[in-house]
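Enquirer: Sequence:
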Amino acid sequence: MPALLDVDQLKTFLAIVDTGSFTRAADVVHKTQSAVSMQMKRLEERVGRPVFARDGRGVRLSEDGERLLDYARRIVHISREAVSAFAEDALTGRVRLGLPDDYAERYLPEILARFSRSNPRVETTVVCEPTSQLIDLVARDEIDLAIITHATRKPLGEVIRQEPLLWVVSQRSVVHEEPVVPLALSHPTCVWRESAVAKLEEIGRPHRILYSSRSFAAVGAAVLAGLAVSVVPESALRTGMRVLGQAEGYPPLPNCKIALVRNAGSLNETVQALADHIVASLDNMSVGFENAAEAAE
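Residue numbers (the numbering used here): 6 to 302.
Since the hints were made in silico from the structure, they are not lab data. Each residue gets a CB set at the ideal place from its N, CA and C atoms; glycine is no exception. A few of these clues could be false.
[Claimed, not checked] FRET-style restraints, in silico, Cβ to Cβ: (1) 110 <-> 68: 30 to 40 Å; (2) 10 <-> 254: 33 to 43 Å; (3) 211 <-> 125: 47 to 57 Å; (4) 211 <-> 123: 45 to 55 Å; (5) 147 <-> 254: 21 to 31 Å; (6) 161 <-> 203: 44 to 54 Å; (7) 111 <-> 271: 20 to 30 Å.
All chains, please: the whole structure from these sequences, using the hints.
Expert: This is the structure:
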């Protein structure tokens, strides 16, 4: 009967992959470097194949290591989930999280996946509203945490992510060349809308708001239908959208800043745990502009 894989060895294997170094992985798993090396030797003996290929001073996965990686993540995830399910001191209770619908579409799957793996007994209630309403909900103690768009004119919360704000148009459309630019934007108090209008007014480019909606999906639909120009963060680029720049007469926009607001009156260990997961998730989801632009083509 084949020997079963050792979960502790797989955790160390993942630490090496995630840190890119045996030395840094040793710090993560609280072992000596020699112990880490011995674990990887035993793991390779179990699978019967080398999982790392030496690359100068660093390490990289071998072809068989790449095959093992997905299995390792799933096995370690199931192991942690099982332990959490039976832990006497596991976090319990309910957390109320608010965020705009476009952030929910892009970020919520990653946030909830990370959080539920570690805290399967916690109930998470999600409310989707624009930033201005989320701030009011925090003030009224109706939600514990809010992911909002950070406004320079009225800073609130801790900025946890920044990415470029981009002009976009449908790849099949030339509406961006019209004498009066048709725009599809969010509600009047939206920071992105204010930035877009201010930039066009600054260069004296005529424009009109053709579509206005609190729904990011509706704004995106107007763009993809070839009816209007809009602005989106780079992580929100969709297939069929094209980025416009100075060559087309569209000036650079300020960065989109995303902040986390905590309700000081409801902070407890469970709420803080979700806040930590949100910060970790958004910080690790940064996408390079070139990659995001390529994904939209």
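Enquirer: Work down the list of hints and note, for each, if the structure agrees.
Expert: So, going through the hints one by one against the coordinates:
no. : hint                    : result
1   : 110 <-> 68: 30 to 40 Å  : holds (35 Å)
2   : 10 <-> 254: 33 to 43 Å  : violated (58 Å)
3   : 211 <-> 125: 47 to 57 Å : holds (55 Å)
4   : 211 <-> 123: 45 to 55 Å : holds (52 Å)
5   : 147 <-> 254: 21 to 31 Å : violated (44 Å)
6   : 161 <-> 203: 44 to 54 Å : violated (20 Å)
7   : 111 <-> 271: 20 to 30 Å : holds (25 Å)
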